[in-house]
Amino acid sequence: MIIIQQLITAMLGSLGFALIFHVSKKYLISAAFGGFVCWGVYLLAAEFLSGFFFAPFVAAVVSTLYSEISARCFKAPTTVFLIPSVIPLIPGSSLYYAMHYAVSGDYLQFKSFGTQTALVAFGMAVGISLVSGIFAVVFRTIRVKHAMPDK
Amino acid sequence: MDIMLELGEELLSSGAEVNRVEDTLCRIGFAYGAKKVNVFVITSSIVMTVIFSDDEELTCTRRIMRSVSTNLSRLEQLNNLSRICNEHTPDIGEVKARLKEITTHKPTRFFEYTGSILASGAFAVFFGGTIFDGIAAAFFGAIICLLSRIFAPVCPNRVFYYFSTAFLVGIGISITASLITLLHSDKIMIGDIMLLIPGIAITNSIRDMLIGDTLSGTMRFIESLIWAVAIAGGFMLAIAVTGRIAL
Numbered sequence: 007m008i009i010i011q012q013l014i015t016a017m018l019g020s021l022g023f024a025l026i027f028h029v030s031k032k033y034l035i036s037a038a039f040g041g042f043v044c045w046g047v048y049l050l051a052a053e054f055l056s057g058f059f060f061a062p063f064v065a066a067v068v069s070t071l072y073s074e075i076s077a078r079c080f081k082a083p084t085t086v087f088l089i090p091s092v093i094p095l096i097p098g099s100s101l102y103y104a105m106h107y108a109v110s111g112d113y114l115q116f117k118s119f120g121t122q123t124a125l126v127a128f129g130m131a132v133g134i135s136l137v138s139g140i141f142a143v144v145f146r147t148i149r150v151k152h153a154m155p156d157k
Numbered sequence: 105m106d107i108m109l110e111l112g113e114e115l116l117s118s119g120a121e122v123n124r125v126e127d128t129l130c131r132i133g134f135a136y137g138a139k140k141v142n143v144f145v146i147t148s149s150i151v152m153t154v155i156f157s158d159d160e161e162l163t164c165t166r167r168i169m170r171s172v173s174t175n176l177s178r179l180e181q182l183n184n185l186s187r188i189c190n191e192h193t194p195d196i197g198e199v200k201a202r203l204k205e206i207t208t209h210k211p212t213r214f215f216e217y218t219g220s221i222l223a224s225g226a227f228a229v230f231f232g233g234t235i236f237d238g239i240a241a242a243f244f245g246a247i248i249c250l251l252s253r254i255f256a257p258v259c260p261n262r263v264f265y266y267f268s269t270a271f272l273v274g275i276g277i278s279i280t281a282s283l284i285t286l287l288h289s290d291k292i293m294i295g296d297i298m299l300l301i302p303g304i305a306i307t308n309s310i311r312d313m314l315i316g317d318t319l320s321g322t323m324r325f326i327e328s329l330i331w332a333v334a335i336a337g338g339f340m341l342a343i344a345v346t347g348r349i350a351l
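Read top to bottom, the protein sequences are chains A and B.
Residue numbering for the first sequence follows this note's numbering, starting at 7 and increasing by one per position.
Residue numbering for the second sequence follows this note's numbering, starting at 105 and increasing by one per position.
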């Protein structure tokens with residue numbers, strides 16, 4: 007039940023952010039679906055992987071793949087799909103608790119939530135860069151074969 | 105040249121990554137018959153030197169003062185425009201007209217409000233709040249959106265803006281939650297933090313660094329860290345002031 011609730015709210019949240027960032031109407035649904043995919047993969051990955059690094063990493067990898075593929079399908083920049091998709095991964099809640107414990111002077115808890123926040127953010131970033139890096143390399147080699155103006 | 109810089113500036117301030125801007129400008133340069141194009145982009149400036157085939161060399165710089173307001177549909181249109189430039193090389197006047205058309209097109213505020221309401225409400229529930237928390241978070245989400253409209257232009261810088269918004273909203277949430285005991289102030293705040301937090305900027309900056317744009321990555325990273333601290337500080341102060349340091 008809680009999983010379904012999270013998946014739906016993740017999707018709505020992504021949709022909301024897509025609206026804030028003015029994604030064109032024709033891409034809204036697929037951007038929102040990206041949030042769904044992202045959180046679905048995260049929950050699945052969290053079942054098998056421990057720690058705060060690998061699950062966000064896997065989720066980011068899959069969502070980046072999803073965004074790169076939809077970008078190619080729709081002939082739009084990847085960012086249009088990528089940013090709304092990875093939104094659910096952003097560690098808003100652990101950041102809040104880190105801050106909360108910092109105020110109340112519980113430094114042990116602050117440290118643990120702070121580290122968690124940093125690890126999740128790092129995992130996301132590595133996942134995204136890995137896939138977009140690979141895509142960039144692949145497409146560059148294809149483009150070179152089609153002869154770019156000589157540099 | 106000027107048009108290209110204009111295009112670059114617009115791209116950058118609608119939230120494009122640094123290396124996308126560099127890549128786009130390079131390609132347009134080549135499409136318009138440049139022999140060599142050197143572009144250097146960081147988040148606050150663009151420097152560009154173009155060498156044409158008759159050994160004419162032009163350098164332009166552009167300081168970018170505007171802060172980024174992510175607008176993905178504008179980004180997409182600009183991307184389309186640069187694609188057209190690459191393939192058909194239309195004449196300067198036409199490009200200028202197209203660019204103007206894209207940049208003067210103001211996005212409707214309605215979507216921003218709907219988006220904020222939807223996003224903050226959804227994330228309050230997402231992180232374990234009840235439906236009522238979601239509604240409260242959505243209400244404050246709308247307030248954040250309103251504040252960003254009237255407050256942001258008045259503030260001297262983003263740090264101050266984030267700090268004061270977080271403080272005001274934090275106070276509002278704490279008071280509401282203490283009046284209506286049904287609500288969980290922590291979940292509502294989390295929902296609204298998600299709206300404010302520069303999560304995208306942090307992720308993008310780490311990505312920039314890993315791709316190789318260490319300089320702009322570092323700049324953006326430090327900048328967003330300071331923002332995050334400002335937001336956290338605003339909420340912390342609000343919590344401390346209203347004296348509800350209890351989960």
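In short, the hints are calculated from the structure, not lab data.
Remember, predicted model here, so these are calculated numbers, not experimental data.
Please note that the accuracy of each hint is not assured.
[Said to hold, decoys possible] Simulated restraints on C-beta separations: (1) A/S30 x B/T193: 42 to 52 angstroms; (2) B/N190 x A/Y113: 46 to 56 angstroms; (3) A/C79 x B/L329: 28 to 38 angstroms; (4) A/R146 x B/D158: 22 to 32 angstroms; (5) B/A201 x A/F145: 43 to 53 angstroms; (6) B/C164 x A/I8: 51 to 61 angstroms.
For every residue, glycine included, the Cβ atom is placed at its ideal position computed from N, Cα and C.
Inset, instruction - Identify every previously stated hint that the structure contradicts and give their numbers, smallest first. - result: 1 and 5
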